[in-house]
Amino acid sequence: MPGNAPKILVVDDEPQIRTLLRATLVRGGYRVVEAGSAREALNARAIDRPDLVLLDLGLPDRDGLELVQALKGDDNLRVIVVSARDQTEQKVAALDLGADDYVTKPFDTEELLARVRATLRQRLASEAEQQQVEAGDLTIDLSRRTVERAGAEVHLTPKEWIVLAELAKQPGRVLTHTHLLRAAWGPAHEGQTEYLRVVVRALRQKVEPVPSEPKLILNEPGVGYRLIVPKD
Amino acid sequence: MWKMLHRRMKRIGIGPTPSTRGAGGRNTGGMTKPFPSLAAAGVPADLTERRTGAAVLRILLETLAMVGAATLAGLVIAPRWGTLAVDMLYLPPVLAAATLFGLRPALLAAVASALAYNFFFTEPIHTFRISRPDDLLTVAILFLVGVVTSQLAARMRAQARAASDHAARNATIAGFARQLLSSSSEEDIGRVATRELAALFQCNAVLVAGTGTPQILAMAPRTSQLTPSDLAAAAFVLESGEPAGRGAARIDPADWLFLPVKSASLVLAAVGLARDDGALPVAPGQEALLANLTDQIALALERARLEAETRGLAGLRERDRLRGALLSSVGHDLRTPLTAIIASASELRPEAPGDRALVQTIAAEASKLERYISNLLDMARVEAGAVRLKVEAVDLVDAVSAALRDLHHLLDGHAVEVALPADLPLVRADPSLLHHCLINLLDNAGRHSGAGAPIRISGRTDGGGVALAIEDSGRGLPDGATPFEAFERIEGSDQTGGAGLGLAIVKAFAEAMGVEPTAGQGASGGAAFTLHFPAALMIEPADSADAG
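Those protein sequences? They're chains A and B, same order as listed.
Residue 97 in numbering that gives the first Met the number 0 is what sits at position 98 of the first sequence, and the numbering runs on without skipping anything.
Residue 182 in numbering that gives the first Met the number 0 is what sits at position 183 of the second sequence, and the numbering runs on without skipping anything.
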């Protein structure tokens with residue numbers, strides 16, 4: 000295992016899940032540290048200095064949401080939350096508290112690896128201030144504020160541009176409805192989900208090959224949107 | 000004289016009466032107080048009318064003794080103060096006889112007093128001749144006093160007796176009610192009621208209930224017999240709420256008299272009474288008491304029924320709660336290993352094609368199991384009333400594509416056609432609940448369509464609202480099928496199929512959001528399940544979204 004491979008801290012109180020995640024992540028080329036409780040997780044964060052944490056929200060000794068904040072700290076540690084399917088509100092709360100993404104139990108290991116890759120790449124990308132994002136046949140230039148689809152320029156309204164640019168700044172990462180509404184309409188309109196729906200629909204008409212079967216701008220029900228960057 | 004008076008009053012039922020029965024049986028234990036029987040207190044025989052010879056003789060002697068005592072007193076004082084005051088001495092014996100013994104002893108005392116006064120104190124002394132008119136007046140006044148006083152005393156006695164009868168009846172009813180209060184089941188009430196009635200009325204008693212053939216709840220004594228005509232009388236009472244049987248207007252050939260035990264609205268039971276000697280079970284004058292006692296039985300029976308209902312409800316609620324808790328605990332415990340199985344299977348990379356198929360089967364079946372458990376948990380949440388809505392504007396394009404993404408393994412072989420117009424209005428819905436609805440509908444469609452067969456998802460505006468339909472290419476629904484109800488009919492049993500549960504969740508979640516689910520025939524012949532979002536849940540296209 001390469002000594003400079005990213006190090007991932009797996010926090011879960013179920014040993015069999017930890018074993019499984021370790022196997023998956025090792026296959027993906029990562030180094031793995033395990034923790035079975037919130038206390039162990041905070042210790043491991045200080046000692047092993049991981050690059051990313053896979054955090055199960057259902058820990059016995061501490062509320063998972065509190066731990067999100069404690070783990071995030073002020074450096075660039077990435078956190079992916081693992082939660083049960085029916086805990087949409089918890090997912091949204093974790094994202095609002097700074098978690099970078101989430102996966103839902105039971106998870107597909109390929110999907111998990113894709114999330115981990117996407118999250119780590121954003122970290123690198125944010126360090127390098129990436130200016131150009133490719134998604135499908137789209138090229139989004141964040142500094143020039145232009146969108147091209149198969150070489151032809153796509154004309155967007157100001158709101159459409161803000162929403163697409165927010166998504167493109169963090170490709171592959173889910174952004175909550177609240178986040179997008181605040182960016183495009185301001186804090187006063189955080190609750191106006193219908194504004195966002197209308198703009199996303201218009202955006203899809205312009206950028207998706209089949210607007211009624213989106214492949215680029217995907218919705219996570221009750222949570223938010225993510226821009227899929229097919230080349231993972 | 001006071002001792003005498005006290006004794007008499009005891010005899011007519013005023014003052015303490017000795018208990019005629021011991022403290023009750025098993026379940027009446029400490030609560031039972033001495034409880035007078037009818038013979039002791041309730042309905043006494045008329046004592047003034049029925050005196051034994053010895054009693055008459057004693058009254059006679061006592062009356063004469065009082066008159067004698069007055070005469071002796073007169074003989075003592077007459078030589079000193081004259082005979083003028085002596086006539087007054089005869090008033091007390093007359094008053095006493097009238098008060099204590101009634102009219103005839105009073106008249107006797109008056110006659111005896113007049114004779115004694117005449118004989119000992121009026122001129123000519125030691126004869127019965129009356130020479131002076133004022134002596135005649137004295138005798139007449141003594142008579143008058145005797146009559147008036149005895150009448151007054153008789154009236155007072157009658158009032159006292161009525162009051163004591165009343166008190167005794169109330170005591171009887173209260174004692175009866177107390178006995179019934181300590182019984183909680185119909186059987187206990189029947190046992191206590193029949194035992195007490197049999198003791199009070201000195202007869203056989205039975206309590207019957209039920210529709211059709213009357214069921215005997217209790218009988219005292221146990222060896223009593225009911226003939227078919229008695230049962231007919233009982234059945235009539237239970238049905239009509241009118242008395243029947245011996246001594247009643249209806250079904251007279253019966254040996255038993257049956258009376259209804261009624262609550263405000265229905266006949267709860269019937270009380271039957273009979274005497275071994277064939278006499279009328281209830282003596283005249285006792286009907287009111289018996290009616291009162293049957294009312295007490297009705298109250299007790301109704302209370303027992305309400306208690307049983309309350310207990311039943313509490314038990315049901317507790318069972319529901321336990322079932323919910325069990326489901327959710329089992330669900331969560333099953334999920335962790337399933338998560339490990341599903342993920343492990345997806346990690347395996349077998350070389351042999353046979354092994355690959357096996358691993359895929361493991362993954363697919365484990366996923367199916369996981370969805371089934373999720374459905375169970377969802378149903379438990381619905382049944383516990385724990386479904387909380389978080390409604391927001393939803394684009395059905397988002398909802399459908401998210402559901403298809405979640406189910407892509409299952410629907411891999413199928414050609415899924417999505418026909419959602421670009422101008423389909425947004426709807427208000429809980430995104431999570433809607434997601435579960437769609438997953439269950441798509442799962443159902445996938446299961447009923449052959450491998451590779453198409454599934455069509457279409458949206459349209461419909462009667463002011465929005466309709467989202469999912470059609471499979473299976474054989475369609477059998478005639479008259481109500482797939483959403485399939486689970487409801489056998490709710491609470493263990494015979495729920497996976498499909499029934501999934502569709503039941505669709506129905507429960509959809510209805511929670513105000514969405515109407517329907518099932519019908521699709522255009523291609525398969526089954527079509529449609530979610531109808533009424534106009535109230537539709538969001539009119541707004542042009543403000545892009546403003547600013």
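Hints in this document: simulated from the structure, not taken from any laboratory.
One thing to keep in mind: the hints can contain errors.
[To be verified] Straight line, CA to CA, 25 Å or less: simulated DMTMM-like cross-link-like pairs of lysine to aspartate or glutamate:
| no. | chain 1 | residue 1 | chain 2 | residue 2 |
| --- | --- | --- | --- | --- |
| 1 | A | K205 | B | D422 |
| 2 | B | K367 | A | E189 |
| 3 | A | K214 | B | D276 |
| 4 | B | K367 | A | E13 |
| 5 | B | K367 | A | E110 |
| 6 | A | K214 | B | D405 |
| 7 | A | K214 | B | E391 |
| 8 | A | K6 | B | E346 |
| 9 | A | K205 | B | E539 |
| 10 | B | K389 | A | E13 |
[Said to hold, decoys possible] Covered stretches of chain A (chain B as the covering partner; in silico rule of three or more C-beta atoms under 8 Å from a C-beta of chain B):
| no. | region |
| --- | --- |
| 11 | 3-17 |
| 12 | 42-56 |
| 13 | 147-155 |
| 14 | 161-168 |
| 15 | 214-227 |
[Said to hold, decoys possible] Estimated spans, in silico, between C-beta atoms of each pair:
| no. | chain 1 | residue 1 | chain 2 | residue 2 | range |
| --- | --- | --- | --- | --- | --- |
| 16 | B | R318 | A | E133 | 58 to 64 Å |
| 17 | B | L333 | A | A182 | 38 to 44 Å |
| 18 | B | T481 | A | Q130 | 57 to 63 Å |
| 19 | B | T309 | A | E65 | 42 to 48 Å |
| 20 | B | R322 | A | R26 | 38 to 44 Å |
| 21 | B | P336 | A | A182 | 39 to 45 Å |
| 22 | A | E109 | B | A480 | 23 to 29 Å |
Here the structure is a predicted model, which is why all the values come from computation and not from measurement.
All C-beta atoms in this analysis are idealised placements derived from N, C-alpha and C, irrespective of residue type, glycine included.
Here is what the structure says about each hint:
1. A/K205 with B/D422: holds, 14 Å
2. B/K367 with A/E189: Not satisfied, since the Cα-Cα distance of roughly 38 Å exceeds 25 Å.
3. A/K214 with B/D276: violated, 98 Å
4. B/K367 with A/E13: holds, 22 Å
5. B/K367 with A/E110: holds, 19 Å
6. A/K214 with B/D405: holds, 14 Å
7. A/K214 with B/E391: holds, 23 Å
8. A/K6 with B/E346: Roughly 20 Å between the alpha carbons, so the hint for A/K6 and B/E346 holds.
9. A/K205 with B/E539: Holds: A/K205 and B/E539 sit about 22 Å apart, inside 25 Å.
10. B/K389 with A/E13: The hint is violated at about 31 Å.
11. 3-17: Since 3 is at least three, the answer is holds.
12. 42-56: violated (count 0)
13. 147-155: violated (count 0)
14. 161-168: Violated, because only 0 residues of the region 161-168 of chain A bring their Cβ atoms closer than 8 Å to Cβ atoms of chain B.
15. 214-227: holds (count 5)
16. B/R318 with A/E133: 58 to 64 Å: holds, 59 Å
17. B/L333 with A/A182: 38 to 44 Å: holds, 41 Å
18. B/T481 with A/Q130: 57 to 63 Å: Because 59 Å falls inside the window, the suggested range holds.
19. B/T309 with A/E65: 42 to 48 Å: holds, 44 Å
20. B/R322 with A/R26: 38 to 44 Å: Since the Cβ atoms of B/R322 and A/R26 sit about 42 Å apart, the hinted range of 38 to 44 Å holds.
21. B/P336 with A/A182: 39 to 45 Å: holds, 41 Å
22. A/E109 with B/A480: 23 to 29 Å: Distance hint for A/E109, B/A480 is violated at roughly 39 Å.
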